[in-house]
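Trainee: For reference, the chains in residue letters:
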Amino acid sequence: NAGVMQNPRHLVRRRGQEARLRCSPVKGHSHVYWYRQLPEEGLKFMVYLQKENIIDESGMPKERFSAEFPKEGPSILRIQQVVRGDSAAYFCASSPRGGATGELFFGEGSRLTVL
Amino acid sequence: AQKITQTQPGMFVQEKEAVTLDCTYDTSDPSYGLFWYKQPSSGEMIFLIYQGSYDQQNATEGRYSLNFQKARKSANLVISASQLGDSAMYFCAMTSSTGANSKLTFGKGITLSVRP
Chain P
1 NAGVMQNPRH
11 LVRRRGQEAR
21 LRCSPVKGHS
31 HVYWYRQLPE
41 EGLKFMVYLQ
51 KENIIDESGM
61 PKERFSAEFP
71 KEGPSILRIQ
81 QVVRGDSAAY
91 FCASSPRGGA
101 TGELFFGEGS
111 RLTVL
Chain W
1 AQKITQTQPG
11 MFVQEKEAVT
21 LDCTYDTSDP
31 SYGLFWYKQP
41 SSGEMIFLIY
51 QGSYDQQNAT
61 EGRYSLNFQK
71 ARKSANLVIS
81 ASQLGDSAMY
91 FCAMTSSTGA
101 NSKLTFGKGI
111 TLSVRP
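One line per chain: the protein sequences are P and W, in this order. For the first sequence, position 18 matches number 18 in our numbering, and the numbering has no gaps at all. For the second sequence, position 92 matches number 92 in our numbering, and the numbering has no gaps at all.
Just chain P, with the same shape it has in the complex (with noise of 0.2 angstroms):
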């Protein structure tokens, strides 16, 4: 997975809890890319950060979704009030510039499961 590291990698919680997903790209990567799968889906472009810097968030949930990366420390999208429906594997990417041709190199994945 070429050092992308997330955790939790499995988080369980209950309906109206907050979730926090972290994100520690690979080293001397700044840019850091969130994607949402479904059951039985491919993965959905949740936002795309820079340190500090929220450059294209077109895929977020406009309420209860948040993402952050700091300058430093991970990356974090966290997930408040959470309902069954946001149940789903949640990854993310990094990439050492932005770009269409530059490969994103994937972390393992954080998988959320609201009861």
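A few of these clues could be false.
To spell it out: a stretch of chain W is covered by chain P in this simulated footprint if at least three of its residues, at any positions, have a beta carbon under 8 angstroms from a beta carbon of chain P; those stretches are [what the hints assert, rightly or not]:
id	region
1	67-81
2	103-114
Here are the simulated PhoX-like cross-link-like pairs (lysine-lysine), alpha carbons at most 20 angstroms apart as the crow flies [what the hints assert, rightly or not]:
id	chain 1	residue 1	chain 2	residue 2
3	W	K3	W	K73
4	W	K3	P	K44
5	P	K44	W	K108
6	P	K71	P	K44
Derived from the structure by calculation, the hints contain no laboratory data. Quick caveat, the model's predicted, so the values are computed rather than measured. Note that beta-carbon positions come from the ideal geometry of N, C-alpha and C, so glycine has one too.
Based on these hints, arrange chain W on the given structure of chain P.
Mentor: Just chain W now, kept in the frame of chain P:
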């Protein structure tokens, strides 16, 4: 908007034989990139191969080759000499070269099962 279509049902192939996984795409961008990823049962996404829309030759990476037919808007993945470890979900994806980022649009995937 970009769209990737993968409509094959689950695919089966005999070990050591070749198999083609279909992918068609739609985009209005003049320049774009096409990718294939493998997702085994363990869940991680593994990059396999990349094809740029202006590349003159079809991409190859070991046992993987991409049969790129621009006029037909297809980007089929060919796996030669299938191995048991090739059993997985396979996703076709694309991105726009005119955009400022590597945002990928994925298809729904194809399940490949390799029989011994």
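Trainee: Now tell me, hint by hint, if it's right for this structure.
Mentor: Cross-check of the supplied hints:
1. 67-81: Answer violated; 0 residues pass the 8 angstroms Cβ test.
2. 103-114: The restraint on the region 103-114 of chain W holds, since 7 of its residues have a Cβ under 8 angstroms from chain P and three suffice.
3. K3/W - K73/W: Cα-Cα ~11 angstroms, so holds.
4. K3/W - K44/P: 12 angstroms, holds
5. K44/P - K108/W: 10 angstroms, holds
6. K71/P - K44/P: 26 angstroms, violated
Hint violations for this structure: numbers 1, 6, all remaining hints satisfied.
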